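Asks: Produce the entire structure from the sequences given, and follow the hints as far as they go.
In terms of UniProt numbering, the sequence shown has 101 at position 101, counting the first letter as 1, and numbering is strictly consecutive.
Misleading hints may appear alongside valid ones.
Here are the computed lysine-lysine pairs in the DSSO-like style, where the Cα-Cα straight-line distance is at most 27 Å [unchecked claim]:
(1) K49 - K74
(2) K112 - K12
(3) K12 - K94
(4) K16 - K49
(5) K16 - K74
(6) K49 - K94
(7) K49 - K77
(8) K77 - K112
(9) K12 - K49
(10) K112 - K3
(11) K74 - K3
(12) K112 - K74
(13) K112 - K16
In case anyone wonders, no lab produced these hints; they're calculated from the structure. Note that the structure is predicted; figures quoted are calculated from it, not measured.
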Amino acid sequence: MTKEYQETIFTKIINKEIPANIVYQDELVTAFRDISPQAPTHILIIPNKFIPTVNHVTSEDELALGRLFTVAAKLAKEEGIAEDGYRLVMNCNKNGGQEVFHIHMHLLGGQKLGPLVAK
1 MTKEYQETIF TKIINKEIPA NIVYQDELVT AFRDISPQAP THILIIPNKF
51 IPTVNHVTSE DELALGRLFT VAAKLAKEEG IAEDGYRLVM NCNKNGGQEV
101 FHIHMHLLGG QKLGPLVAK
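Replies: Structure, rendered in structure tokens:
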């Protein structure tokens, strides 16, 4: 059985239908500050195209997904965290920690980050 996905709150942020602290937007991606930050810098970078999970990515999405990384590097530099280091995280499905089913990359930094996975 295939799970059905619906567009999320992220679509409303992309379309500026609800407020968000958008720090970057172009034709492929949007980046905004997380409303519940887990580090001094916590920015979500999302493709403007609705893609529910990494499992739904196709070769047609490569340009947008590559843009996630170039925007992450740009924002890390602008935030002053590029030199000391930062973490990029993408979660997929429930056991992977995905809460919003529109793929997104977390840019985290501004402090020493702990282990990636708690044992």
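Asks: Under the criterion that the straight-line Cα-Cα distance not exceed 27 Å, is the pair K77, K112 satisfied?
Replies: holds, 17 Å
Asks: Within 27 Å, alpha carbon to alpha carbon, are K112 and K16?
Replies: This hinted pair is violated, its Cα atoms lying about 33 Å apart.
Asks: Taken at face value, is the distance from the CA of K74 to the CA of K112 at most 27 Å?
Replies: holds, 20 Å
Asks: Holds or violated: K16 and K49, Cα atoms, limit 27 Å.
Replies: holds, 14 Å
Asks: Please work out if K49 and K77 have their alpha carbons no farther apart than 27 Å.
Replies: Answer holds: K49 to K77 is near 25 Å, not above 27 Å.
Asks: Holds or violated: K49 and K74, Cα atoms, limit 27 Å.
Replies: holds, 21 Å
Asks: Regarding the pair K12 and K49, is the alpha-carbon distance no greater than 27 Å?
Replies: holds, 12 Å
Asks: With a cut-off of 27 Å on the C-alpha distance, tell me whether K74 and K3 pass.
Replies: Since the Cα atoms of K74 and K3 sit roughly 35 Å apart, the hinted pair is violated (cutoff 27 Å).
Asks: Taking 27 Å as the top limit, are the C-alpha atoms of K49 and K94 close enough?
Replies: Holds - the C-alpha atoms of K94 and K49 are around 21 Å apart, at most 27 Å.
Asks: Mind checking the alpha carbons of K112 and K12 for me, to see if they're no more than 27 Å apart?
Replies: violated, 33 Å
Asks: Hinted pair, alpha-carbon criterion (27 Å max): K16, K74. Please report holds or violated.
Replies: holds, 22 Å
Asks: Take the C-alpha atoms of K12 and K94, compute the straight-line distance between them, and say whether it is at most 27 Å.
Replies: Satisfied, since the Cα-Cα distance of roughly 22 Å is no more than 27 Å.
Violation of the numbered hints given earlier is confined to hints 2, 10, 11 and 13; the remaining hints are satisfied by the structure.
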